[in-house]
Amino acid sequence: MSLQPHLKCQEGDVSKYVLLPGDPKRVLKIIEFFDKAEKVAENREMLTYRGAYKGLDITVTSTGMGCPSAAIALEELANIGAEVFVRIGTCGTLKEGVDYGDIIIPTAAIRAEGTTKEYIAPEFPAVADLDILNSLIASAKENKIPHHVGINRTHDAFYEHLDNMLRWGNIFKDKRMSVWPSPVISSEMECSAVFLIAHLRGLKAGAVLAVNTLEPLNKIVDDPDLIYHLEESPNAAKGLERAIQTALDGLVIFDKNNKK
Numbered sequence: 001m002s003l004q005p006h007l008k009c010q011e012g013d014v015s016k017y018v019l020l021p022g023d024p025k026r027v028l029k030i031i032e033f034f035d036k037a038e039k040v041a042e043n044r045e046m047l048t049y050r051g052a053y054k055g056l057d058i059t060v061t062s063t064g065m066g067c068p069s070a071a072i073a074l075e076e077l078a079n080i081g082a083e084v085f086v087r088i089g090t091c092g093t094l095k096e097g098v099d100y101g102d103i104i105i106p107t108a109a110i111r112a113e114g115t116t117k118e119y120i121a122p123e124f125p126a127v128a129d130l131d132i133l134n135s136l137i138a139s140a141k142e143n144k145i146p147h148h149v150g151i152n153r154t155h156d157a158f159y160e161h162l163d164n165m166l167r168w169g170n171i172f173k174d175k176r177m178s179v180w181p182s183p184v185i186s187s188e189m190e191c192s193a194v195f196l197i198a199h200l201r202g203l204k205a206g207a208v209l210a211v212n213t214l215e216p217l218n219k220i221v222d223d224p225d226l227i228y229h230l231e232e233s234p235n236a237a238k239g240l241e242r243a244i245q246t247a248l249d250g251l252v253i254f255d256k257n258n259k260k
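Note that this note's numbering gives residue 78 to position 78 of the sequence shown, counting from 1, and the numbers run on in steps of one.
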């Protein structure tokens, strides 16, 4: 396969397993966990390194922010041989009781963005691969990392209006559903594209998200600015390290299970 126009990578440059952070600086953070790593390419917001973690060949490519660039990165990685993707990023949580430093492992993503609508009808779900999902959950449990599993919302506008968020909880004012006050546990800007495009291409994808915004629906009504707050405390930083550890060991677990 020829040189990919955005990644500036070609076949043989990347491994089967790929981690997808948004921020290029997080690529450098991730490779601190590796046994060895070397730079493959850099173009625009897309920085690619390849290395080894516990003997497993893993590539890390930053996607930039949002679904359009995440879709480009995944498509071009798939073109040159990548097969398994795990997004590593940050998110807000809409659920009470989740704290900074916790991680979210999404089962699926609401497609509240525009990119994937250019791939397939909006009724088609964006779901994490079951084998990857279970491997990530097993990794979080083995590492004793506080984690929460559930549905994520992927959207486009960071500075969205309050009403756009509240609609994801309004249905649960219905008394029949009052036992479940948090139908959506997290919110970010890339997962739906990663999940959907991987699925459509017959590949596997999952995600691990570190919580750096607390935005429970009952609290943002009184203080909408909570939606835009990005926590930079030691706890929040620890969450990103936990997400990286969970993703890496999750891939090791997945690889081991698929060699049986």
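Please keep in mind that the hints were generated in silico from the structure rather than gathered at the bench.
Ideal Cβ positions, reconstructed from N, Cα and C, are used throughout, including at glycine.
Be aware that a few hints might be false.
[Claimed, not checked] Pairs of lysine-lysine residues, derived as BS3-like cross-links and limited to a Cα-Cα distance of at most 25 angstroms, are as follows:
{"hint": "1", "residue 1": "K219", "residue 2": "K144"}
{"hint": "2", "residue 1": "K175", "residue 2": "K29"}
{"hint": "3", "residue 1": "K39", "residue 2": "K54"}
{"hint": "4", "residue 1": "K16", "residue 2": "K95"}
{"hint": "5", "residue 1": "K141", "residue 2": "K54"}
{"hint": "6", "residue 1": "K219", "residue 2": "K175"}
{"hint": "7", "residue 1": "K175", "residue 2": "K144"}
{"hint": "8", "residue 1": "K54", "residue 2": "K175"}
{"hint": "9", "residue 1": "K141", "residue 2": "K117"}
{"hint": "10", "residue 1": "K95", "residue 2": "K8"}
{"hint": "11", "residue 1": "K29", "residue 2": "K39"}
{"hint": "12", "residue 1": "K16", "residue 2": "K259"}
{"hint": "13", "residue 1": "K16", "residue 2": "K36"}
[Said to hold, decoys possible] The calculated label-pair distances, taken between Cβ atoms and stated as ranges, are:
{"hint": "14", "residue 1": "S2", "residue 2": "K54", "range": "28 to 36 angstroms"}
{"hint": "15", "residue 1": "P224", "residue 2": "E142", "range": "37 to 45 angstroms"}
{"hint": "16", "residue 1": "E11", "residue 2": "D225", "range": "41 to 49 angstroms"}
{"hint": "17", "residue 1": "H229", "residue 2": "N257", "range": "34 to 42 angstroms"}
> Hint numbers the structure violates, sorted upward?
Replying inline: Violated hints (numbers, rising): 1, 2, 4, 7, 8, 9 and 10; every other hint is consistent with the structure.
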